[in-house]
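Student: Listed below are the residues making up each chain.
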Amino acid sequence: MPESDAQHLTFKLVYYGPAQSGKTTNLLRLHDLLAPELKGEVMTMETKDDRTLFFDLLPLGFRAPSGLLIKFRLFTVPGQVAHDGTRKAVLSRADGVVFVADADRAQETNNGESFQSLAANCARVGLDFEHLPMVVQFNKCDLPSAVPEAEIRERWSAAPWPLVFAIALTGQGVETSFELLIRTVYRNFCQKLKLQSEHGLSEDAFVAGALGMNA
Amino acid sequence: MTQGFDREWQLDELLDAASQGKIGPALSALLGGDFALTDQAGKTLWGQPSPEARREALILELEPVGYLLSSSASPAALSAARQLMLSLLRAEVRFKMASTLHLESVAEDFESLKREHARLSESEARYKALSGELEARVKKQVGELEERQQMLYEAEKLASVGQLAAGMAHEINNPLGFVRSNLTTFEKYLGKFAELKTHPGSLADGWQALDLDFILEDGIDLLHDSAKGMERIARIVADLKAFSNVDRASQEYADLNNCLREAVSMVEAQMPPGIHFRFDLLPLPGFVCLPGHINQLFFNVIRNAVLAIADSGRPGEVKISSEADETGIHIRIHDTGVGMTAEQIGHAFEPFYTTRPVGSGVGLGLATARNVVQAHSGRISLDSQPDVGTTVSLFFPTPP
Ligand SMILES: Nc1nc2c(ncn2[C@@H]2O[C@H](COP(=O)(O)OP(=O)(O)OP(=O)(O)O)[C@@H](O)[C@H]2O)c(=O)[nH]1
Ligand SMILES: [Mg+2]
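First to last, the protein sequences are chains C and U.
Take the first sequence: its letters are residues 23 to 237, numbered as in the numbering used here.
Take the second sequence: its letters are residues 36 to 435, numbered as in the numbering used here.
Some hints here could point you the wrong way.
The calculated EDC-like cross-link candidates involving lysine to aspartate or glutamate, where the alpha carbons are at most 16 Å apart (straight line), are [unchecked claim]:
1) C:Lys61 to U:Glu98
2) C:Lys216 to C:Glu25
3) C:Lys214 to C:Glu225
4) U:Lys149 to U:Glu139
5) U:Lys149 to C:Asp106
6) U:Lys232 to U:Asp246
These are computed hints drawn from the structure, not numbers from a lab.
Isolated chain C, as found in the complex (with noise of 0.2 Å):
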């Protein structure tokens, strides 16, 4: 559940997978590429040769009609297999996860292992894995080595999560994947939140207030 009081909604998104997948270049790009009415600076956490040793945090927020101030906390968990404690401390309270998968083919196990602690790490710290709002992404979609979207599609055919093919260097599939997130977190809180209702806020204004696009 996001933490609220009367003037604040915060929502935690999480960005989940394997070491080095790209999940600290998804935030970087996307401090670059959004543009809501606050933007905070990204706060990297303790990196060392580029290995997230903590997290990396990124918040974003606007305001709904009703004046309410939603805000959006974008953690990037540290992927190495040594630091699963950290990574689940920070996957605690989440409300949304992007898995950012390894398109790259020599990167297929580590992608299930990751796969795999993300729903026991979920179990642990309390979430609903069944329900809890994800989107997949498979980045370094540009590798050579890349296993072919076609593939990737026909092997997640039966998995009820969208699938975003991206470049997270480029920027490519990362403003879509975090837009897919915040309308699938939309849809969930909606109601129980009344941010229709009560605070006026189409789900589309809510993707566009957390993008920073005109609604």
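Chain U with the ligands: place on chain C using the hints.
Tutor: This is chain U with the ligands only, laid out in the frame that chain C set:
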């Protein structure tokens, strides 16, 4: 509001009273005397905000966490002070978030360790249950095996008693045969004496004619002979009685040397020629045992020794020695018979293993012997060389 690392940190959490006490006077001096700090709701943390003060928001993420106020500072100075304050707060929030997250993740790691531990203990418990089950199963099987060995032992006992009985029958038949024929002859001799009554002529003539001198002498010989035969039968019966302790399954003190001698006398009764015994028996302490079983054991081993010599087709010797030390009683039964190959030694203690033609033994001799030895907590071992002979070594521990 959660206490997680990802909560939105308040200004008074990031800047505690001690830090405020250090920063406040410094900034106050820098900003020309008037300086105050409030949180995002306007609550004063340091200084005295004056109503006409200029205000700069401190924004870490999206919204102000607090304000800097000064009536004396220029806008540029106040903005510079804000930058200074922000970099200080950013460092602080990074530290706070990282250290709180670190604690959370350590707690998480500890939780996973505990889970792992629980999982391990569970699998250990399962393993323990399994091994208990296995142990019970092994015990049951061992029990069954022991039962089967006991049955085999009983079978062997019956068989050797049968063999013994056959041998004894032969032994008894032999004297019985000549005693019977002696008595028939003696009856004829008495008829000769009866003829004397009706013989014509003088008694002396009759005596002479009937050759009663010889008949008298031979008759006495016949009686002596028969008495000896009867004695032999009596001895065999006595031996058999001692031996038939087999069925008296209670423990007794026994002198194993006596048991050895008894067993030898049983074997001797049916021994082929050309074999003799040599004894080297040193005094032994009394040994608590089942004498019937021990007799059976010695009988089996000694009979094997005799048969091994018989098989070699040469005359030979069975040497039986015994001695005691502080650990127990050592007995060796050595023969100069055919000996055994290494392979035969390997099989020697298996039930139904025999080197002899089918029908001459059931092959339980050594297996039975070992059962008896083990029942007395002892050891039995074989040492043998083909064509040279075999030594069976027995050891029975005695309590200190
Ligand atoms: N070829 C290619 N490289 C990419 C792409 N996106 C990111 N990378 C590179 O992959 C490496 C890892 O990127 P990061 O964003 O640091 O990965 P991360 O998932 O945050 O890694 P951890 O923090 O260790 O979990 C960097 O060298 C990026 O430049 C992409 O779309 N294509
Ligand atoms: Mg990273």
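Student: Does each hint hold? Answer for all of them.
Tutor: Status of the hints after comparison with the structure:
Proximity of Lys61 of chain C to Glu98 of chain U is assessed by CA-CA distance (about 10 Å); at most 16 Å being required, the pair is judged to hold. A distance of roughly 14 Å separates the Cα atoms of Lys216 of chain C and Glu25 of chain C; the hinted pair therefore holds under the 16 Å criterion. Of the pairs offered as hints, the one joining Lys214 of chain C and Glu225 of chain C holds, with about 14 Å between alpha carbons and a cut-off of 16 Å not exceeded. As the CA atoms of Lys149 of chain U and Glu139 of chain U are separated by approximately 15 Å, the hinted pair is consistent with the 16 Å bound.
For a cut-off of 16 Å, the pair hint linking Lys149 of chain U to Asp106 of chain C stands: about 15 Å separates their Cα positions. Note on Lys232 of chain U and Asp246 of chain U: the hinted pairing holds, with a Cα-Cα distance of about 14 Å set against a maximum of 16 Å.
The structure meets every hint from the earlier list without exception.
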